[in-house]
Structure formats: structure tokens, C-alpha cells
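Asks: Generate the whole structure from the sequences, applying the supplied hints.
Protein chains in written order, with our numbering: chain A, 897 to 1379; chain B, 59 to 728; chain C, 83 to 302; chain D, 422 to 726.
Just so you know, the hints here were simulated from the structure itself, not pulled from any lab data.
Mixed in with the good hints, there may be bad ones.
As the list claims (entries may be wrong) - Derived CB-CB ranges, DEER-like: (1) A:Lys994 to B:Gly653: 49 to 59 Å; (2) B:Arg84 to A:Lys994: 30 to 40 Å; (3) A:Leu918 to C:Met167: 32 to 42 Å.
Note that the Cβ used here is the ideal one computed from N, Cα and C, for glycine as well.
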Amino acid sequence: MIGLFANPAHVILVIPAVFAVLLAVLPGYRLTARLNVLASLLTLIAALSLFVVPRAAPGAFLLVDDLNIVFVVLNTFVGFTAAAFSASYISHEIETGKLTPAYVRFYHGMYQLMMFGMNLALLSNNIGLMWVAIEVATLTTVLMVGIYRTHAALEAAWKYFILGSVGIALALFGTILVYLAAQPVLGEGEAAMIWSNLIVRAAEFDPKILNLAFVFLLLGYGTKVGLAPLHAWLPDAHAEGPTPISAVLSGLLLNVALYAVLRFKMLIATHPEALAPGPLMVAMGLLSVIFAAFMLYRRRDIKRLFAYSSIEHMGIIVFAFGMGGPLANFAGLLHMVMHSLTKSAIFYSVGHVAQIKGTQKIEGIRGLTQSHPVLGWGLALGVLAIAGMPPFGVFMSEFLIVTSTFAREPLLALLLVFGLLVAFGALLMRLAGFIFGEPTGKVGPAEASFVPLYAHLALVLAAGIYLPGPVVAWFQSVAALLG
Amino acid sequence: MSAVDLSLYCVAALLALGLAAIALRRSAAISALVYFGSALLSLVLAGAGVAVLAGAAEITGRVLPVGLPWLGSHWRIDALSAFFLLVVGFGGAAASVYAVGYGRHESEPQRVLPFYPAFLGAMALVVMANDAFSFLLSWEVMSLLSWALVMAHHRAAGTQHAGYVYLVMAGFGTMALLLAFGLLAGSAGDYAFEAMRAAARSPAMAAVILALMLVGAGSKAGLVPLHVWLPLAHPAAPSHVSALMSGVMTKVALYGLIRVVFDLVGPLEWWASPAVIVLGAGTAVLGILNALVASDIKKILAYSTIENIGVIVAALGLALAFRANGMAATSALAFSAALFHIVNHAAFKSLLFMGAGNVLVATGQRELDVLGGLIHRMPVTAFLVLVGALAISALPPLNGFASEWLLFQSVLKSPELPQAGLQIIVPAAGAMLALAAALAAAAFVRLYGVGFLGRPRSDVAAKAIEVDRFALAAMGALALVCVLAGIFPGVMLDLMAPAAEAMVNGRLPVQADEAWQTLVPIAETRSTYSGLLVFLFIVFSATSSAWLVHRLASRRLRRGPAWDCGFPSNIANTQYGAGSFVQPLRRVLGTILLGAREEVAMPPPGDNRPARLLVTLRDVIWDGGYLRLAALINSAATQMNRLQFLTIRRYLSLVVGSLVSLLLVLTIWN
Amino acid sequence: MDRIAFDIAHLLAGGLVLVSFMMIYQDRLYALLNVFALHAVLLSLSVSWQAYTQHAPHLYVTAAIALIFKAIVIPGVLHRIIRQMGIHREVEKVVGVGVTMLAGMGLVAMSIVLMLGLTEAADAFAREDLAFALSVVLLGLLMMVTRRNAVSQVVGFMSLENGLILAATGAKGMPLVVEISVAFSVLIAFIVIGVFLFRIRERFDTVDDVALEDYRGEVE
Amino acid sequence: MALVVALAPALVGLVRKVRARMLRRRGASILQPYRDILRLMRKEVVLAENASWLFRVVPYMVFAATWVAAALVPTFATGLQFNWTADLIAIVALLGSARFFLALAGMDVGTSFGGIGASREMMIAAMAEPALLLAAFSVSLVAGSTQLSTVAAFMATEDVGLRVSLGLALVALVIVALAENARIPVDNPTTHLELTMVHEAMVLEYSGRHLAMIEIAAALKLLLYISLIGCIFVPWGIASGGSGVAAYPLSLAFYLGKLAVGGVLLGVFEVSIAKMRVFRVPDFLGAALMLGLLGMLLLFVSRSL
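Replies: Spelled out as C-alpha cells, the structure:
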């Protein structure tokens, strides 16, 4: 037992698992909501303790290294704020009778289960286990997307489910192939699925199998990342689910899937003869950016709008990692973190807006700075930040990506810039509509906690102006790790 | 404390003011506090600039541990930065003092106060930045804050459109700058200006960077055809902000252009310069033509800003051409002309925008055709605006003429250029600039004559009352600057000589010790101009003649009805209006460049409705370029949007399709 | 011994591919289900053969799951669903059988070329298995995208997943195979339940005929 | 400086005389303009109710600006005191200021005619000023200076030779001079038919001493242009600053001669041509613009050869 808790990694997994069961049985949504926040907080603390506690050697199942610390901490942090947000959000949902207490119980249980799945996926050292964990996370999110039981919600959940399953299947096939490539070198059994072994000996694997495997893995996990043209589930899942879940999807689940892709990219990249994964990722990234940018223009639903912007930013990130090199990788990591924080912040504000106005339709949301200054300016700052406006962190990462790319691959940089501009135009057009002009719809006061929203914005702002030395060094080492 | 530290502290204080404005948004005194504070801090900034220019403070840099982690953020005030810091501080101080009065009439001050001081600070940061990241950060923050200020009256018609176009153009420009700096930094990614300066690059590369800068900085400065946002955004903002945007922010944009093109890229081939010259001259003519036909005072001023930017850019192009041919002194002449015009334009354009602000406060109107006769109701404003109008029309002895005179002097040196191409282009550009100057005079006769003279065309104009003292004091100071800079141009030139020297490593002869403040840019025998003497002569002969006439001849005077060839009409609309005044010029020049069309709607016989003259103008660039582009993006979006409405099976087939195609690629690749 | 082992494995795997083609060929739902049952049976056979040759007893569990769950339970449930919900018995195709067959041929050819081209390193056993497994997977996908009925798409997905199991067992000594097969059975259970819950009569495309109207909340 | 003021009305008188003679009239004496001006000076000013202070200041400003400009043109001697105050470009601009004020005065009272005058005047100026500058450019490019004394001195020397571009510049300058001085065919100084007026329409509301000042200014302008053309294109007889006072009488005589010739030519030209429509004026001036540009370009061609 003590041994179990000596390693924070275990704690990070145990807490959500336990609370998942607990919350599923406990009555009373207020209590459960608070417990949910508490659980997430504890998980966050455990995750932070990863820094101080000396790292355990990579085990058969769990692994803690620079790369996944970034993700775990981000994951647990956004998980925590999202829980805090969802506390105020869900209570409103119950008052308006959109959810019954039973569903709320289910919701909280699922929430922790999902956190468990994602943390496990991030911490697992075994590619098979990682696959299982991601499937768990996916299934739980599917159930939460469908929680409102409206046609649209079920529709979205269903689509998410089917596409996700196919993605999972492809990913599994890729995993099997990796094992197959490793097995002659590392021998049969567990050994050949332990990532920390794989990465050491990867150079000796059969490159051709690795290539094939990467194709499957990229498409399989890429479906979860939401890269075009595998993105179809993403906008609807974001639009129809509860807003906290939209925040978690954009802020976390996409990252988890991205993490899987990165792991395998590192594997392939270490192999000299294997087909370089870069071009594939760059191509899919560019495609996603440009595609999503154009899709932004026709959106009628505010949450779907930002879902597409998530696709765009995932594209940017994948593009950056595809370009590779210390600068681009650094920028990619930074952009990923910034996007998680910013986009979840946006969804927090959007959630309240939608609750106040009673609609998600864009034309129903006007003049927020007039009717609800705090909320309106919060949304404005978030959108400006995500649109790459300084002094927010996204600007720094985009600055690095564009400048570093243009010197190496002018054409690609031009394409990227084109996509960015088109998206910029769309987002700004919408933003002006949201925050300016005569307020429309209900202008009742917002009973909401703006703490999560502004906490995220503050972080993004700080990061845009000043990155602490340790963080930088840590990012740089990860960037070096990613090759 | 070194100049750069002082300035950085000032900027910090300005930002703090902005935050204070948010914190104290309920209190009544906050407006005055913010504006007084900004005025004070701007003066300090200007002082720092002067100190460095005058050599009192040495050129120092400062690295702060923020911005790009491995680089830090570098700040430095060299001669050029100091000059522009002076412009920023000077313009900012004037606008702030003006706003102490003007701000009282603001309907929603909480939408202006937080952003205003921060905007000033951002502009100061731009000119002080010494690495690409800090530069672009400040640049974009500047755009963002000015956007917020433009949106202050977000419920007014057209403001949303203006703000949208503005911000998108700003984003576009920033992207161009990003690419330019990407090239400057190279793949190694060294973003410090020193490193960029040190790096060697091919002429072609340098030319590409120049082009990118013209797009990036040009779109912010308002170069045709990237100017479309300017006449929308500047009028939409509150008047003191319009003054800042037109008078100062466009100059900050030019600073970016100068910093990169004259400093960072290193030597440019001569063939890079004609593009700049032609672009500038064309901008000047197109801008002033649009100003001639516009009927909204602030729009007229915005378009005339475009004209002046064109003049400055043309001068910069000349400087490039001369520098490329190693004619340092002449290059310095053109460059100083540009810098001098930058100061002058900052002065009189701010002055004029403030005048427009007064009119707005007094009448609530910006349309010329409902104004008139204000010279009786608002004598002080009218006088000050007259000074501004004279100055901007490049009439001696005011400052506008002095800078244009220098520019023409440098144009006249063109025969000494070795390249036949330049020999032909430069004088042609000179002709266009002369045309622009003449048209500017016409435009401002129109603005002043219709707006301030004649008889009021509406009650609001008839009932206008003079505005408060702060506003008038600020305008008075600016008018004084216009006069003094026109009379003592030598002082200004000597002051800005270090900046020119740093950029084109040549300088004008020292002007201070010339008799009677005469300008001798090249040689005594070649060309001289003494603003002071011209001023004295005019004053002397005017006063003396007036005195003589009143003394020796009659001094009797009788008021009577206007003669008007015997049939005066008391209908105010029988006066010449904004449209009728420009009609001849519109017919002569407007048909192609402005797509101006006139048709007479004649009612059928027996119908006793009056016939109407319909004038239609269309912005060729906007319709032909921007709207078309927007339409393209729109249709593309519509096409792609189909993908939102596929069935799950179709989405699956997308997945399968991409899988199979990748596998095929793999098969072939093996 | 080894030779025979190889041949039998080859035979069974090849048999799976063949049955996949048979499934594509069907145009009656019931017949489709029966053929799928056969598919599952073949799978369990080949899995258990692998278990026998690799001396990996845990694979028998997988085989058993395949046999009981996929060959008996699921087809039975689907039979009942079809009967109860009165789904009409045609398999609605997007493109004709012939074209689908040709495409399938192409996919199989591609996968075999890929695999044989690829894995000199891996032993023949795994190589053959993977070649067939990949083709089964691709055929399953093909079926999902060329059939309109929900039921036939479910079947397509299950055959795809059979291919995965085949690959997993083919890779010698691969851990977690059992867990994976369990996980997949859960997944399939979900899908079938979903089909049942949402009363998807005809298509995956929409949860319910009503949903056809406010389609994904974004009607232009 | 006083000299030019004294001479100006006489020049106007001369022109009128010539025109009258050509029209077989006896015409008023050459001194008539002086009498007119004195008469106006003595009359009282009738000021429209609506006129502002600007309206009363303008006449003196216009006079002053024109006078300064005229005083800066070398009449019979170069290198005079203060002639380095301003150069050709500045002179053009000074005339521009005078026009600016006049146009404003035209719009001040708020009558339709004032507006017409101002608007047309500014249109003409918009074409004329560039043309004038271009002509000035090509001249000063030849002379390598915009300093009129230097230009005149240079032109007087032999090494100018006969340059086609100078000829073009001369034509351009003449056209501009006609337009600027409101002479036929651009404008008719004697008319009072409303729709043809430009300059007269602007000053319509002026009377008494104000009108007198403006009349003098107009005369000064005419004198300025003629002496400008004289000192640039026929610089002979201009005493250089070096040569002592002894040379002055002779050169003064030369100068008077030039003025006389200029005046006569102008008169003859005016009677022998018809006034053109207002909207043909831009073409007329556009021609001047083109000539100026052409002259300058030819200059470069001949140089770069």
C-alpha cells in the first residue's frame, strides 16, 4: 500500500478510479459536484508532486518521463478547472431541468472515469495498455456527449462512437504491427510492448513494418486528434455535449491522442531507414488548418465554431511537430499547452453565455460587452488569444512556427499563413458580432464563477510575455526528445 | 538613469494608467487623471527622444528577461528610435491634453480610457524594440488596442465594418512582417536586431524582404492598395484617437519600414527603389483624389493622411535610390525631407483632426454639407484649423512647405543618378507629387470653405458654440509648432541629422549657422529658402500696406447685403456645397481613378418634380480587389461546408479512402 | 509438423478472406448473418490452431469468446432485432456486388503485396497471417462503406475486428490479446445495443427518422 | 521692391491699351489703372453682412504674398539683397498661398458665384501649378539651380545653347502664365457675364480699398510672370550683382523694354483668340503639363546620350 502511494503516478491513477465509483453511487448533486472538484484537485496535486518526488524507473506498465509530465500536468490542471466550471454549470442545468440528478451522478462518475482513462493513457509504458486506456476515455466521452438525450446529442454521440471505433481498430492494428516489428529484436511477450524498451532498440526494427504501422497509427489516433479528413465526429461532439465536456474534449482528449501519435513518431523518427513521419504529419496538419479555416465561415452554432477552431489548431500543432527541429518542436509543445488553456477558457465563457442567452445559435448572441461586461470581455480576450493576438501565448508559438518554417520551407509557410489568415478573418467576424452591437436575447445576470476562465487567461497572458526558465529548459529537453 | 530605462518606466506607468482606468471606472475623476497622466508621460518620452537626438543622453540598450525565453526582450533607443519616440511623445501629449476637454463628451468613457494610455505605451515600445519578437509583439498590441479604441462607439453605424476590415488588414500585415523577419532571422532563428544587421544576404533576398515590408508596414501606414481600412477606421474612432492614429501610428508603421529597409537588410540594389518611389507617388495622388470627393470631414482628413504617407514613402524611395548610388549627401537630403515631413504631418494632421473633433462636439455632425459659417460661431477653432489647412497645403511660410521644398530639391538632383530608368522615373514622380500638393490645396480650400465659411446649412451649425479651453490649448500648441517649424526649419533638420546619419551615413550641412535661418541643403548657389525672411516680409508688407491704406486712404466701412450679381438668395443651399465645389475636378480627374459617373434624372414632361443630378463614385480598388477576394473565400467556404452534412457512411469512406491512399503510397514507395 | 502447421494456419486464414468475400456477395440479411457466423467459427478455429502451435493456452479463451459471442450470440440477437423491428431483409448496396468484389480483390492484392514486400524479418507464420488479416480488415471496412443497412455495417465492423484478432494471434506471443478481444466484444455489444436502443431501422446515418430534419443542428 | 508695385498697373494699362487699339478703339490711357486704384482706395467698403474677419484680412494677405513673390524675381539685376530668401519653387508656392486665401474669400460670404469662382480657380490651379513646377524643374535642371539669380546668370552665358526642352518649358510657362493671370483664353478679366467668370467671380463681393488691393495684387502677378519669363529666357541686359550701380540704368531700360514687349504680345494674343469653355481648360493646361514633363524627359535623353 505504501509502495503504491510512494509513486505519484499510481496516485494519479488511483484517485480518479476510486472517486469514479464513489461519485457514481453518492446522491445529491451539490455534494458530488464538490467531491468531483476535490478529486480533480487531489489528482492535480499528485501530478505536481511528480516534479519533486524522484522518478521511479520505467515499470512494466507505467512510465514517467519529461514528455508525459507535460501532458499529465496539463491534463490534471485543465481537468481541475473544468470540474470547477462544471460545478456551477451543472447546477444551472439541473435548475433548468435539462438534467436529472440521476444523470448528474452518472455524469460525475463518468467524469472521473474519463480522467482515469486519459491519465492512464498518458502514463502507460505499454503500447497495448495505452490503446486500451484511450478506448476507455473515448467510450466515456461518448456516453457524456449523448447525456442530453436529444436527437442531436444522440446523433453526435453515435457518429463519434462509430468513427471512434474504426479509429481504435486501425490504431490497434498499428500497435500489433509495432509489436511484430519489435518481437524479433526484443523477443516475444511483454518486453516487445514496453515503450521504454522499444525506443532504445527501435533502430534495429524492420523499417518497412514501422512505416506500415505508422500509417495505421497516424490514421487511428489521428481520428481522435481530429485531423481532417478524419475530423467528422469532432464538431458535433463538441456542439451537442455539455460544455464542460466540450472543454475537456478540446483541452485534453485531443492532446492525449496527439500524445500517442507523438510517441510513435519518436519511435519511427529514431529509425534511419524508416519513412520520415514528418511529411505525412505536415501534410495532414496543413490540410486540417486550411480546411477548418474555411469551415469557420459558415458556422451557425457557437460551440461548433470553436470546435472547428480546435481542428485548425490541432493542425497547426501537428504541422509544427511534423516540421521537427528544436524551434518547431518547442513551438508545437507551447502551442499545444496554450491551445488547451485558451480553448477550455473559451468554452467556459461560451458555456455561461449559452446558459444566459438560452441558445447556442450565433445570431442569438450580441453585444455581450454591453450586457455582461466581465463575461463578454473574457470571451473577447479568449478569442483574440486563440486567433494568435499578442500578448497571449499563442502569438509566441505562432511567431516561432511561422518564422522558423519560412526560412526552411517558404512554400509550406505561405500555405500555413494563408490558412491562419482565413481563420483569423472568420473568428474576428464572429467575435465582433458576439461582443459588440445592441445586446439581443435575454440579458439576465450571469450566476457563474469566472475564476476558471480568468485563471486560464491569466496563465496564457503570462506565458505570452514571460516563460519561466525551468519550463523553457524542460520544453527544450522535450523538444530534443522529439527530434 | 539612461534614456531607455526612463522610457520603459514611462511605458510601464502608461500601462498602469490603463489598468487604473479599469479599476476606477466608476469614479468621475478618472478621465482627467488618465489624460493628464498620459500627457505628462508622453512629454517625458518626447524629452527622452530629444535628449538622445541632441546627444545629451548616450545611446544605450536594455535587455529584460521577458519575451522569447532564450533571447530576452531587447530595447534600445538609437537616433532613429529617439526621433520617432519624439514624434510619439509629442503627438501623444497633444492628443492627451486635447482629450482632457474632449473626453468629457465621451458617452462610454470606460471603452476608451483603459486602452488609450496603453496604446500610447505600445507605440513607444514599437520604436524602442530591438529584437524581432518584441517588435512584433508591441506592433500587434498597438494594432489591437487601436482596434479596441476604434470600436469604442461600437453601436454607431459602420463602426463594426470598419473595425473588422481594420483588424483583418492588421493581421494580414503582421503575417507579412512575420515572414519578413523569418527571412531576416534565417533558419537559425536569431531574432536580435544586431544579428540580423550582421548577417549577409543576397540582393534578391533583400528585395524580397523589402517587398514583404512594403506589404506589412505599408498596410499599416496606408499605402495604396492596402489603404482601404484607413478611411474607415480613423473616422470611426474618437477624435483624439483619430489624431493619434493618423498623426502618430502611421508614422510608427513607417518607422518599421525604415528600421528594416534602411538598417537591418543592409545595402539594397538601385533597382529596388523605383517600386518604392512609384508606390509612394501613386499613393499620394490617389489618396488626395479621394480626399477631394469625400464629404465627411474626418474621412477627408484620413484620405489626406494617405496622401502624406505617399509623399513620405516617395521621399524614402528617393533616399534608397541615392544611397544605392553612393550619393550619401543627397540621400540624406531626401531622407531628412521624409523625417521632417513626418514631424510636420504629425503636427498638422493632429491639429486638423482635433478641429474636426471640435466641430463634432459643437454640432454632432461630420458631413460638410450640413455645416458652414462656423467661423462666426467658433472663431478660435476656425483660426487654428486655418493654420493647419495652410500648413497641410504646403504653403509658405508654414512647415508643410519646408519639407516639400526639401523633397523637391532632392528630386532635382535626379540627373546625377547614373541609371536612365531612375532619371526618368524620379522627375515623373516629382510631377505627381506636385499635382498631389496642388490638389491638397484644393481639398482644404473645400474643407475650410464649405465647413467653416459661408452661411450655416443647418440649425446645429448655426447654434454651434466654441469648445473648452483644454482642447483649444492643445490645438494652439500644435498650430504654434506648425508655424515655428516652418520658420526655423534649420533647427529641426539639425535635430534630426543624427537619425539620417545613422540610416544613410550621410548628413545635410549644418543649418544652424546660416544667416536668417536660411535652408541651404546643397549649396548657396543652388537653392536656398529662408522661412523666417518670407514670414517677416509677408507680415511686414501686409501690415504696412494695411496701415498705409487705412491711414492715407479711406477707412470707412458699411455692412450691406451680399451683392451676388444683384440677386442674392437667403437659402443656405444656394451656396456652393461640398459636391458642387469639387465637380470640375471630379469631371477632369475622377472619371477613371474614382469611377465617378454623373447622370441627370430628368422627370418626364408634365411631371413637375425637379430634375436631379446623381453622382456615383465607386472605389475601384475596393470593388475590384477586396470584394472579389471576399467573394472567392465565401464561395470556397460554401463549397467546403457541404462536408458538414455528410452521412456517417460517407465520413467513414473518407477515413477508408485516406487509409487506402496512404497504403497505396506506401506500396509504391517500397 | 511445422510445415503442416503452416499450411493449416494458411488454410484457415485464407478461408477467412474467402468468407469475407462471401459476405460482400450476400444480398439477404439473414444469409449475411449466417455467413458471418461461419466467419466467426473459422476465426475461432484459426485462433485455437495458433494457440496449439504457439503453445499459448490463453489464446483458447479468445477462441472461445469468438465462438460463443460472435458465432452464436450476436448473430442470434441481430436475427431477433431484424424480426422485431421489421427491418426489410434486403442488403442495400451503394455500388453493385461486382464492383465491390473487384475493389475487394484490389485491396487484397494490395495488402498481400505490402505484407510480403515488408516483413522479411518476421517469420513466415506471422507474415502470412498478417497478409490475410490486413485483407480481412480492409474488406470489413469496404463492407462498412458500401452497405447502407445498419445491420450489415455492424457485421462489417465485426468482420474487421475478426481480422484484428487474427493479426493479434498471428503475432507470436503477443500479450493482452485476450484483453483486447474482450474489449472489442464490449465495443460490439455497445454497437448492437445502440442499434437496438436507437431503433436504427435502416441506416447508421441517422439515429432516427426524426433526426433527418434538424440534421446535426446546422441546417443552412 | 517698390519698383514692381509702381510698374504693375502701368503694365495692365499697356495691355488694355493694346487690346483697344487692335479693336480699333482709342482705349483709355495707360495710366488709367492708377486712377482706378486711387478711386477705389478713396471709396468706402461695403461689406456683406455675413463676411467674416477672414474676408477683410485676405486682400492684404494676397497682396503681401504676391508682392513678396514678385520682389524675389530678378527684374533688372541679380544678386540683389535678400534675393536668396527663396527660390523658384518658393515663388510658385507663394503665389499658391495668395490663391488659397483668395479662394477662401470667395467662399466666405456664402454666395453661389463666390463658390463657382473658388471651385474653378482651384481646378485651374491644380493643373497649372504642377505644370509650372515642371517647367521650373526643366529650367533649373539646365541651370543646375532653382535660385533665380543663378539661373538668370547661367542663362545669360553662352554655354546654354539652344535646347529643345527649354523651348517646351517656355511654351508651358506661357500657358501657365495665361491661366494664372486669368487672361483669355482661360478667363476673361473684363467680363461680368457670370458663367464665364473665374477670378472676377471670386472677388465679386469686394469693394473699395479691398478691391484695390486685390487689383494691385493681380497686376503684380502679371508683372511677375512676364519678368520671370524675361529673366529666364531672355536674360540679356540683367546686371549681375558684381557690376556696380553704373550698370543699373542700362539694365533697367532693358527691363522696361522687356515688359513692354511682353505686354504688347499678350494684348495681341488676347484679341486674336477666343475664350474657351471652362471644361476645355484642363486639356489646355494638361498640354502644358505634358510639355513640361516632355521637356524634362528630353533633357535626360540628351544628357544620357
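Asks: Each hint should be assessed against the structure and marked as holding or not.
Replies: Going down the list of hints, with the structure as the test:
Lys994 (chain A) and Gly653 (chain B) have their C-beta atoms about 56 Å apart, which keeps the hinted 49 to 59 Å range intact. Between Arg84 (chain B) and Lys994 (chain A) the beta carbons are some 37 Å apart, a value that agrees with the proposed interval 30 to 40 Å. Leu918 (chain A) and Met167 (chain C) have their C-beta atoms about 39 Å apart, which keeps the hinted 32 to 42 Å range intact.
The structure meets every hint from the earlier list without exception.
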